[in-house]
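Student: Each chain, letter by letter, is given below.
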Amino acid sequence: MNQDQGAFSPLEQAIQAAASFVRPSSDLRPRVIEAAKKRCGQKRAIRNAASLLVFVCLLAAFTAPLAMQLADHLKQTQAASSEEIQIQATQYAAQAGIGSNWGLSEAFTRERESQSHRFLRSFTTAR
Amino acid sequence: MAQLDSFSERVRQAADRIAESREAALSGLFDLTAMRLVRYSTTITRNQHDAEDALQIALVRVASNPQCLIHAERPWPYLLKMVRNESLVILRKKKRWTLLGNLSDLLTQTRVDDSQNENTHLEVWRALRTLPTEQSEVVVLKIWEEMTFAQIAELLEISPATAASRYRYALEKLESKIRASASSSEVYR
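For the record, the sequence lines run as chains A and B.
Note that the first sequence covers residues 1 to 127 in the numbering used here.
Note that the second sequence covers residues 1 to 189 in the numbering used here.
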């Protein structure tokens, strides 16, 4: 009998000769490669989705305070509506006894001044 | 031993190529190992279709994580162990009823110059299939994979003495089975 280093007996030789008697089926190779491609594709897709999710979370974390600040800034620097200007123009005209055109001009001038103050204030608070 | 190491090195190189070129390089590892893995797994599952399923699962696992082979101390025994584990899982799941002498699931090939030995090969495979799995896999690893009892013991997580005794019992059984089936004709000399 063969031990670790010994020569094979006739029985062991017969067994050894039968080693290559059985072969894998012809469709096994493409089947294995196809399954591996599918598995690796799924793994890559999961990895990509996870990366995208992390990116979106990071983007949201960084941009959310900025967006909130921008919204505040826009709110502060928002111009008066035409209706408000019209009301102010009528009030100025009535108070100063001037025509409605001059009242409108005065309303616009004051609105521009107020807007520039609000802008400066929001800019300095943002910094 | 040196042969096993050199084959292990070739398995490691194939795994390296998979790591570099992804699953496209799996065909190299398949061509290198499929025949040996299928015949080993067939002795465990006693069915070639199940053996091929086990091989597919193991190789797909290698394709998705080639590092397991690259970093293994001995990649070839490691791959054999992976296939063995998958074979045992399939065996437990299916609990297939097989006729021990039935070899209809086997896909065989015989070289033209070896055709006179076809019956001998069939008898060997039939006899191997009648052995308990723990004995037949020791025979396969010892004779077909040319492993030492120490290496077999490490792979199967048994002692070298147990591996050697399983081998001895297996050969005794095989001898009597083959002799009995070949009483009318000379199967091996």
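What the hints contain is simulated information worked out from the structure, not anything from laboratory work.
Take the hints with a grain of salt, since some may be wrong.
Said to hold, decoys possible - Quick list of in silico lysine to aspartate or glutamate cross-link-like pairs, EDC-like style, CA-CA up to 20 Å: (1) A:Lys38 with B:Asp53; (2) B:Lys81 with B:Glu9; (3) A:Lys37 with B:Asp53; (4) A:Lys75 with B:Glu20; (5) B:Lys173 with A:Glu34; (6) A:Lys37 with B:Glu134; (7) B:Lys177 with A:Glu12; (8) B:Lys94 with B:Asp31; (9) B:Lys177 with B:Glu146; (10) A:Lys38 with B:Glu134; (11) A:Lys43 with B:Glu134; (12) A:Lys37 with B:Glu9; (13) B:Lys93 with B:Asp31.
Just so we're clear, the structure is a prediction, and the values are computed from it rather than from any experiment.
Student: Going straight from one Cα to the other, do Lys177 of chain B and Glu146 of chain B come out at no more than 20 Å?
Tutor: Roughly 23 Å separates the two Cα atoms, so the pair is violated.
Student: Next pair to validate is Lys93 of chain B with Asp31 of chain B; report whether the Cα-Cα distance is within 20 Å.
Tutor: violated, 28 Å
Student: Checking one constraint from the list: CA of Lys38 of chain A to CA of Glu134 of chain B, max 20 Å. Satisfied?
Tutor: With a Cα-Cα distance of about 34 Å, the restraint between Lys38 of chain A and Glu134 of chain B is violated, given a limit of 20 Å.
Student: Does Lys173 of chain B pair with Glu34 of chain A here, judged by a C-alpha cut-off of 20 Å?
Tutor: violated, 41 Å
Student: Quick one, are Lys94 of chain B and Asp31 of chain B close enough, alpha carbons at most 20 Å?
Tutor: Not satisfied, since the Cα-Cα distance of roughly 28 Å exceeds 20 Å.
Student: Check whether the Cα positions of Lys37 of chain A and Asp53 of chain B lie no farther apart than 20 Å.
Tutor: holds, 16 Å
Student: Just to be careful, I want the Cα atoms of Lys81 of chain B and Glu9 of chain B compared with a cutoff of 20 Å; is the pair within it?
Tutor: holds, 16 Å
Student: Could you grab the alpha-carbon distance between Lys43 of chain A and Glu134 of chain B and see if it respects the 20 Å cut-off?
Tutor: Roughly 36 Å separates the two Cα atoms, so the pair is violated.
Student: Lys37 of chain A and Glu9 of chain B were given as a pair; does the straight-line alpha-carbon distance stay at or below 20 Å?
Tutor: Cα-Cα ~25 Å, so violated.
Student: Can the restraint linking Lys38 of chain A and Asp53 of chain B be considered satisfied, given a maximum Cα separation of 20 Å?
Tutor: holds, 16 Å
Student: Given the hinted pair Lys37 of chain A and Glu134 of chain B, is their Cα-Cα distance within 20 Å?
Tutor: Status violated; Cα separation ~34 Å.
Student: Within a Cα-Cα threshold of 20 Å, do Lys177 of chain B and Glu12 of chain A meet the stated pairing?
Tutor: Measuring from Cα to Cα gives roughly 14 Å; hence the hint holds.
In summary, the numbered hints that this structure violates are 4, 5, 6, 8, 9, 10, 11, 12 and 13.
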